[in-house]
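S.K.: Use these hints to put chain R onto chain L, whose structure you have.
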Amino acid sequence: MTIMIMATRLPTSVRQHLAALRALLVLTVLVGIIYPLVVAGIGQLVFPSQANGSLVTKDGKVVGSSLLGQAFVDAKGNPLPQWFQPRPSVASDPSNNADPGYNPLFSGASNKGPSNTDLIKQINDRRTAIAAFDGVRPADVPADAVTASASGLDPDISPAYADEQVNRVATTRNLDPVRVRALVADHTKGRVLGILGEPRVNVVELNLALDQLSNPR
Amino acid sequence: MSDTVAGYLQAAVLVLALALSYRPLGDYMAHVFTSEKHLRGERFLYRLIGVDPDADQRWPIYARSMLAFSAVSVLFLYAFQRLQNHLVLSLGFGPVSPDQSFNTAASFITNTNWQSYSGESTMGHLVQMAGLAVQNFASAAVGIAVVIALVRGFARAQTDRVGNFWVDLIRGCLRLLLPIAFVFALVLMAGGLVENFSSPHDVTTLAGAHQSITGGPVASQEVIKELGTNGGGFYNANSAHPFENANPFTNLVEIYLLLVIAFALPRTFGKMIGDNRQGYAIVGVMAIVWAASVSAISFFESGKWSAAAIASGGALEGKEVRFGIPGSALFASSTTLTSTGAVNSAHDSLSPFGGGIALFDMMLGEIAPGGVGSGLYGILVLAVVTVFVAGLMVGRTPEYLNKKIQAREIKLVSLYILTTPALALIGTAIAIALPGERAAIANPGPHGLSEVLYAFTSTANNNGSAFAGLNVNTVWYDTALGLVMLLSRFVPMLFVLGLAGSFAQQKPTPASVGTLPTYRPLFMVMLLGVLLIVVGLTYFPAQALGPIAEGLS
Numbered sequence: 000m001t002i003m004i005m006a007t008r009l010p011t012s013v014r015q016h017l018a019a020l021r022a023l024l025v026l027t028v029l030v031g032i033i034y035p036l037v038v039a040g041i042g043q044l045v046f047p048s049q050a051n052g053s054l055v056t057k058d059g060k061v062v063g064s065s066l067l068g069q070a071f072v073d074a075k076g077n078p079l080p081q082w083f084q085p086r087p088s089v090a091s092d093p094s095n096n097a098d099p100g101y102n103p104l105f106s107g108a109s110n111k112g113p114s115n116t117d118l119i120k121q122i123n124d125r126r127t128a129i130a131a132f133d134g135v136r137p138a139d140v141p142a143d144a145v146t147a148s149a150s151g152l153d154p155d156i157s158p159a160y161a162d163e164q165v166n167r168v169a170t171t172r173n174l175d176p177v178r179v180r181a182l183v184a185d186h187t188k189g190r191v192l193g194i195l196g197e198p199r200v201n202v203v204e205l206n207l208a209l210d211q212l213s214n215p216r
Numbered sequence: 000m001s002d003t004v005a006g007y008l009q010a011a012v013l014v015l016a017l018a019l020s021y022r023p024l025g026d027y028m029a030h031v032f033t034s035e036k037h038l039r040g041e042r043f044l045y046r047l048i049g050v051d052p053d054a055d056q057r058w059p060i061y062a063r064s065m066l067a068f069s070a071v072s073v074l075f076l077y078a079f080q081r082l083q084n085h086l087v088l089s090l091g092f093g094p095v096s097p098d099q100s101f102n103t104a105a106s107f108i109t110n111t112n113w114q115s116y117s118g119e120s121t122m123g124h125l126v127q128m129a130g131l132a133v134q135n136f137a138s139a140a141v142g143i144a145v146v147i148a149l150v151r152g153f154a155r156a157q158t159d160r161v162g163n164f165w166v167d168l169i170r171g172c173l174r175l176l177l178p179i180a181f182v183f184a185l186v187l188m189a190g191g192l193v194e195n196f197s198s199p200h201d202v203t204t205l206a207g208a209h210q211s212i213t214g215g216p217v218a219s220q221e222v223i224k225e226l227g228t229n230g231g232g233f234y235n236a237n238s239a240h241p242f243e244n245a246n247p248f249t250n251l252v253e254i255y256l257l258l259v260i261a262f263a264l265p266r267t268f269g270k271m272i273g274d275n276r277q278g279y280a281i282v283g284v285m286a287i288v289w290a291a292s293v294s295a296i297s298f299f300e301s302g303k304w305s306a307a308a309i310a311s312g313g314a315l316e317g318k319e320v321r322f323g324i325p326g327s328a329l330f331a332s333s334t335t336l337t338s339t340g341a342v343n344s345a346h347d348s349l350s351p352f353g354g355g356i357a358l359f360d361m362m363l364g365e366i367a368p369g370g371v372g373s374g375l376y377g378i379l380v381l382a383v384v385t386v387f388v389a390g391l392m393v394g395r396t397p398e399y400l401n402k403k404i405q406a407r408e409i410k411l412v413s414l415y416i417l418t419t420p421a422l423a424l425i426g427t428a429i430a431i432a433l434p435g436e437r438a439a440i441a442n443p444g445p446h447g448l449s450e451v452l453y454a455f456t457s458t459a460n461n462n463g464s465a466f467a468g469l470n471v472n473t474v475w476y477d478t479a480l481g482l483v484m485l486l487s488r489f490v491p492m493l494f495v496l497g498l499a500g501s502f503a504q505q506k507p508t509p510a511s512v513g514t515l516p517t518y519r520p521l522f523m524v525m526l527l528g529v530l531l532i533v534v535g536l537t538y539f540p541a542q543a544l545g546p547i548a549e550g551l552s
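For the protein sequence lines, the chains are L and R, in the order given. Residues in the first sequence are numbered consecutively from 0, following numbering that gives the first Met the number 0. Residues in the second sequence are numbered consecutively from 0, following numbering that gives the first Met the number 0.
Extracted from the complex, chain L is given alone in its bound form (with noise of 0.2 Å):
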C-alpha cells in the first residue's frame, strides 16, 4: 500500500495523527452519511407520516402536527373561549413579544427554580385567571393548566383540564356539553399498555374534531 510505505516514513506521532484523521472521515462517511440516509429512506418509505412530522390536515391542508401544541389565542394573545386551550407555553421568540408560545424554533421550558417567587406569582396568577376563564373555582383548576412544560410544545393536557373546559368550548359553540364532553372522551388516551406515561387529552387532535362538530363563527 503507498499509503502505508508513504506513512511509515513519518514520525510516529504524525502517523497516528494521520491514522485518526482517516479514521475520523471513514467513520463520518459510516455513521454520518449512509447511516442517517438509509434510516430516512427507510422512514419515508414505512413510516411517511410519522418522518414527516405526524402532520394533520383539514380540508386537505395541513394545519399542523398532532405532536406540537398550538396556541389558541387571538392577535392581543388573549385565549379563545371557543376552543380547548392547551399548557402555558414559554416557547416563544424572545424578539417577539406578541409571540403566544408553541414556537417550534424555540423550543424549551421556563427553567425557574421551584422556589422562585415570580414562577410562585406567574402560577398564582395563572389559576386566577384561567378560573375566571372557565367558570370554575380556583382551587379546581388542574396543575397541568398553570405549569410550563419542558418543551413548550406540550400537545396534551389532563383529562381533568379537558373536562373543566367543556362548558365553557360548548356554550360558546352553541353545542350541546353531552355531545362536547363525549368527544373529549374519545380524544381521551389512557397510559400506554395500562402502565406507560399518563392519561392525556391532545388538544391539536380534539380542537380538529370540535371543528367537525362545529365549525366556529
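If you're looking for bench data, these hints aren't it; they were derived computationally from the structure. Positions of the beta carbon are idealized from the N, C-alpha and C atoms, including for glycine. Careful, some of the hints might be misleading.
What the hints assert, rightly or not - Keeping only pairs whose Cα atoms sit at most 30 Å apart, straight-line, the calculated BS3-like set for lysine-lysine is:
(1) L:K188 with L:K57
(2) L:K120 with R:K506
(3) L:K188 with L:K60
(4) R:K403 with R:K303
(5) L:K75 with L:K60
(6) R:K303 with L:K188
Said to hold, decoys possible - Calculated from the model, a selection of chain L residues having no Cβ within reach of chain R, i.e. all distances over 10 Å:
(7) Q43
(8) A131
(9) V165
(10) R178
(11) D185
(12) L212
M.R.: Relative to chain L, chain R alone:
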C-alpha cells in the same frame, strides 16, 4: 390503577428489559472485543486508515492513539461548525461563534454533550448528522475501548500489551453501536420521531395563526444520543421535545437505550476475566444505587416538596403531560446516573431535593451504571479502593482479581478520584467569585448556587444535563466549561490506561484464605460504603449550601 402503581410497573418493565439484555448483550460485547477475526470489510477499513489491526499496543501507544483520535476530532468538529454556512443543509444558519464552537466540539468529543447552543436555531442538518452525531458514536466507542483495555489488564498476565485502539474503536462503532442504533431508529420512527431533511416550513394553524414545523434527521440521532450515553438534543428541549420523544412508549425505549450498554458491560467484564460472579457483584451495586435514586427522585417529585408544587397542586412545571411525574423521574435519575445528560423534563424546575439528588447522582462519578465504558472503569477504580481499604483493616497486601494493589496502583487510583471533584468544585468557586459570571445566574437564593454547581458538576462528570436557567453561552463559561470537559474526560482515562498497563504486567497472585472474595455481598456493601463516603465527604459542603439549604428553607 393508581398513579403510583402504574409508575412502579413502568419501572418494573424497564428493569425486566435490562435484565433480559444483560447476558446476551454482555456476552456479545465480550465476543466483539476478544475475537481474533476481522471481518472482510473491517480489513479494508484498516487498510484505508493505515493501521495494522493485529498489532497489540502497549498502554502508552494505546493512550496516544486515543488522544490523537480525540484531538483530530475536536479540530474537525470545530472547523465544521465554523464553516457551516458554506455547506449544504445549513438551513441558512451562519457560522457558530468561536467560543461556542470550541465548547461544543469539546462537549461532543468527551461524550458530555453539554449544550450552550439551541439546536433548532444554531445547527444545520449536516453539522448535526455528519459532525455531532458521528461523535455520538465515536466518543461512546472511545469510552468502551478504554474500559476494555482495563479489563484486558485484569485478564492478562505478564504482558505489556493492552489491545489495539483502532480495532476497538472500529468494532465498537460498527459491530456494537451501529446495528443497535439502526434497529431502534426504526422503532423510534414507528413511534413518531421525525426523520427528514426539510427546513422549517410554515403552516396555518387551526386558530388561523402561523407555526413553523421543523424537520431534521432526528430519529437516527436520537437513538445514538441515548445508546451512547451522549445526551445532546437535536432540539433545545432535548428529549422533552415531541419530535425527539413522542409518547410514553418512545420515552421508555429511550430510557432503556441509555442504560442498556452500561448495565451489560459488567457481564462483559465478568466474561473476559473468566468469572461471571465478579460481574454480578458490580452490576448489583450499580442497580442498588440506581433503584435508590429512582425511588428518591420519584418520591420528591410526586409529593408537594416545593413552593411551586404547592402553588400549582403538583410538580408539573417543566414536565410533559404524556410522561407524567413517574416517566420524568425515571428519566431524570437514569440520565444523571449514566452521564447521558439528555432530559425529558427541566431539571432546573425539579423540587430542591429532587434536583439535589440529580446533582448527587452525577457527583457519584457516573458509575451506576455510568456512561458507556466510563461507568465500568469508574466503579472498578472504586473497587480497587475498596479492596485497599479492606486490606488495611487486616494488615495484608490487598489484591483484586489476583492482581496486587501496590503503591503505583494506589497513586493512579487516587489521582483518578481527585481529578473530577477538583475540577467541579474549583470551577464553581471561581465562577461564583467573578461578578460577571454570577450575573449569568437566573434564579435567586441558594438555587442560584445550585445552577453553577450543577453546570460544573455536569461537565466535570461528562454528563451534560443542566439547570438550564444559567446563561452559559458567554465566552467565559464556554471556555471554562470546555476545558473542564476535556480535562475531566482525558486525564482520568490516562490514569485508567496506566492502571491497565500496570495490571497486565503483573503475575497473577493466587487467592489465599486472606483474600477478600470480591463477588460476595460483603464486598458489595463495602463498595457502596466507599462510594458514599468518598462522594459524601467531597461534595457535602457544596450540596448543603445549594439544594439542601433551598429544600429546608
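S.K.: In ascending order, which of the hints set out earlier in this document are inconsistent with the structure?
M.R.: 2, 4, 7
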